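Colleague: Protein sequences appear in the order of chains A and B. Quick note: the first sequence uses numbering that gives the first Met the number 0, first residue 0, plus one each step. Quick note: the second sequence uses numbering that gives the first Met the number 0, first residue 0, plus one each step.
Worth flagging that the hints you see were computed from the coordinates, not collected in a lab. Note that this is a predicted model, so its numbers are computed, not measured. In this text, a Cβ means the ideal position worked out from N, Cα and C, and glycines have one as well. Heads up, some of the hints might be wrong.
Stated by the list, open to error - Label-pair ranges, simulated between beta-carbon atoms:
1) A:GLU15 x B:GLU59: 54 to 62 Å
2) B:GLU19 x A:MET0: 27 to 35 Å
3) B:ARG10 x A:GLY60: 22 to 30 Å
4) A:GLU15 x B:GLU19: 43 to 51 Å
5) B:ALA126 x A:GLY60: 27 to 35 Å
The lines below spell out each chain.
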Amino acid sequence: MTCHDVRELFSALIDERLSREERADVYGHLTTCPECRRELTALEQTVGLVRRSVPIRAPVGFVDRVVTAVRPTPWYVRAARAAFLPWPVKLPLEAAALLLVGGLAVLLFRGIKEEQRATRYEATPPVVAERRLEDKRAEPEASAAKSTTAPSAVPQAPPPMSAPADAQPGVASSDRSAAKDAPASVPRRADDAGTAESRLERAQAPPPAAERDALAKETYGAARGAPPVAQSAPESRDKSVTAKLEARPPDVVARLAAPDPGTAARAVAALAARLAGSEAARRTVGDTVLVEVVIPRERYADFTREVARLGDYRTDSEPASLPDPVRVDVHLAR
Amino acid sequence: MQEAQLVARLRRGDLRAFEELIIAYQHRVFGVALRMLGNRAEAEEIAQETFLRAHRALPEFRGEARLGTWLYAIASRLCLNRLATPERRLARADDAALAEAPGHEPDAATALERSELEAAVRDAIAALPDERRIVVVLRDLEGLSYEEIAEVLELEPGTVRSRLHRARMDLKAKLERFTP
């Protein structure tokens, strides 16, 4: 055996892992090789140094920590851990929840806006007219009790602004109830003005903005602003009823093409008076004459038939269900 | 006989028996982990994980191996796996961590532990390649037989013998100045 072969067996020799033959060969070599003897001695001392190393001890409390980790966790602790997850888990979850809530809020807000828009749209005259009609049906007795004059007892020559109010107290009462029970009635009224504006715009396409505003203000704002005719009403109650009626937008918007709008306007007013109605207002804007008349519902059909004889009469907007009386805006032009 | 009884109690889920197992093997398992990893916190983590895995695997423990061998096998595998991670490979030359790896509490024992010889032996062992270090630790520090080491590391006994010899020769070269 060479020195290299013998030294390869030193470790096994120290551990007494050599067979009898191997051990005999190694010892035979060692008797003749002092270098290998020194090498074996050095290796035995090295192994001794390692084996005499200070034993390592586990840290204090190690057993308790392991036992605690192994012990089944009570349900309430597990629930608490689930509720208070560590930040790396909780933060993404919370962010996702926040996004979800934010998205839902946006969707909900959009829904509300659409509902609000829908409400505004419903507040346009046709639907308002239906609602008033329903109100009237719901409170016929109350309306009758409040009325001082029967609808049929319209004065033969009533003042233009007070006659419709006197003729239809039920409308005024339903208006009051609507204003009382619906907070949206205030913005709705403002929207109604906007709707009236848009109607005027359609009827006088395309009028300048300032002219349109002036027309709308003169038509509806003047009525709200207690016109001289309304002030002539003897009773304050009639004044308020008239004001409410005048404040509402027209139920029907129509155009009448006639060779002489001024003459036609007078004819329309005369026709309204003949049909137990009245002329509420008349304004001239440029070449267009606006006549607002109030016609009892039962005579409205007669009105449309008669007015068509005066010229080319076309209805721009007309509700499915007419209120009583019917406010008709007739835009007369050549 | 005592171990058989302990195994039987462990398999029944006796928490007290498991506590006895930890008490009996905590220092050895922690020692292997600290010698292999050189960091007390990491060693405690690995030692704790060793016992937790043993607890989970107890129902399948057939008792063919000794409990100690079984625990050494789990701990060795965990240590070698941890050492094989890329980040751990980058942090291998962390001699400071090895230097602050006392086996005893500070104060009285610190003087002995920090002696030059002790530090040299510890550093020499720490400098060994992983596969040689674990063999030396199990053989010369934990006293396992070649067969037990082969079982723990799932190696042939001849491989254990050759790795142990290479490891000891490395240590001899590093500790030469302490041997006359």
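Colleague: Sort out which numbered hints this structure fails and list those numbers smallest first.
Modeller: 1, 2, 4
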